[in-house]
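Asks: Given these sequences and hints, build the entire structure.
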Amino acid sequence: GQQLNQSPQSMFIQEGEDVSMNCTSSSIFNTWLWYKQDPGEGPVLLIALYKAGELTSNGRLTAQFGITRKDSFLNISASIPSDVGIYFCAGQLSGNNDMRFGAGTRLTVKP
Amino acid sequence: DAGVIQSPRHEVTEMGQEVTLRCKPISGHDYLFWYRQTMMRGLELLIYFNNNVPIDDSGMPEDRFSAKMPNASFSTLKIQPSEPRDSAVYFCASSWDRLRAYNEQFFGPGTRLTVL
Numbered sequence: 006g007q008q009l010n011q012s013p014q015s016m017f018i019q020e021g022e023d024v025s026m027n028c029t030s031s032s033i034f035n036t037w038l039w040y041k042q043d044p045g046e047g048p049v050l051l052i053a054l055y056k057a058g059e060l061t062s063n064g065r066l067t068a069q070f071g072i073t074r075k076d077s078f079l080n081i082s083a084s085i086p087s088d089v090g091i092y093f094c095a096g097q098l099s100g101n102n103d104m105r106f107g108a109g110t111r112l113t114v115k116p
Numbered sequence: 159d160a161g162v163i164q165s166p167r168h169e170v171t172e173m174g175q176e177v178t179l180r181c182k183p184i185s186g187h188d189y190l191f192w193y194r195q196t197m198m199r200g201l202e203l204l205i206y207f208n209n210n211v212p213i214d215d216s217g218m219p220e221d222r223f224s225a226k227m228p229n230a231s232f233s234t235l236k237i238q239p240s241e242p243r244d245s246a247v248y249f250c251a252s253s254w255d256r257l258r259a260y261n262e263q264f265f266g267p268g269t270r271l272t273v274l
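Line by line, the protein sequences give chains E and R. Just so you know, the first sequence maps onto residues 6 to 116 in my numbering. Just so you know, the second sequence maps onto residues 159 to 274 in my numbering.
Bear in mind the hints are in silico, worked out from the structure with no lab data behind them. Every residue, glycine too, gets a C-beta built ideally from N, C-alpha and C. Treat the hints with care, since some could be wrong.
[What the hints assert, rightly or not] Derived contacts from chain E toward chain R, CB cut-off under 7 Å, selection only:
(1) L50
(2) P86
(3) Q97
Replies: Take a look at the structure:
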């Protein structure tokens, strides 16, 4: 099936630093979503994007739906220890109802 | 409002045994999804229902897997017979059928299945 390429796979950063991660695909997506998963829990929705070019913020998080509809990025500003976790991008393919998930970016924040 | 509820949270069974995972979606949600998460393959959609009707089961790995949704507040995912390669975390998620909200899925805490 169509794949989402999420990068980086992992990040080790210092508290207070900004973080950027992205997802790309060769297919066009109608929707991009970003989830965070804490250990032992299910993914929790952070941001949903529905229009090409859309830029949306949720607190220190900002995500954008790429103009080509084939990519999206997530930025976290001024990271804090509780930002630790795995971040997943997900997308709904154009003309399809189901979602595809990226492989995840594992974020570690050192105090 | 309670979120998506899954049971059991952990299941350890022996190869060949039948396993049943349970899910209660958020009240009022029209869509229910079953996912499997492994290190190797990440999050994979197995099957989803709309208004209790299975819409797409193309992600179900093989005939050993079956899912039902007898009513709007309950779904099961059954594996029979189970095999060690079925070991994974199984998530249930739900969403509602409103403009744009379909994709905003709420996940349960998952069931960690270990097949020995």
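Asks: Would you mind marking each hint as holding or not holding in the structure?
Replies: Now for the hints, and whether the structure bears them out:
1. A cut of 7 Å between beta carbons decides the hint on L50/E: the least distance to chain R is about 6 Å, and the hint holds.
2. Using the Cβ-Cβ criterion of 7 Å, the hint placing P86/E at the interface with chain R is not satisfied: the shortest such distance is roughly 22 Å.
3. A least Cβ separation of about 5 Å between Q97/E and chain R falls short of the 7 Å threshold, and the interface hint therefore holds.
Against the hints set out earlier in the document, a violation occurs for number 2 only.
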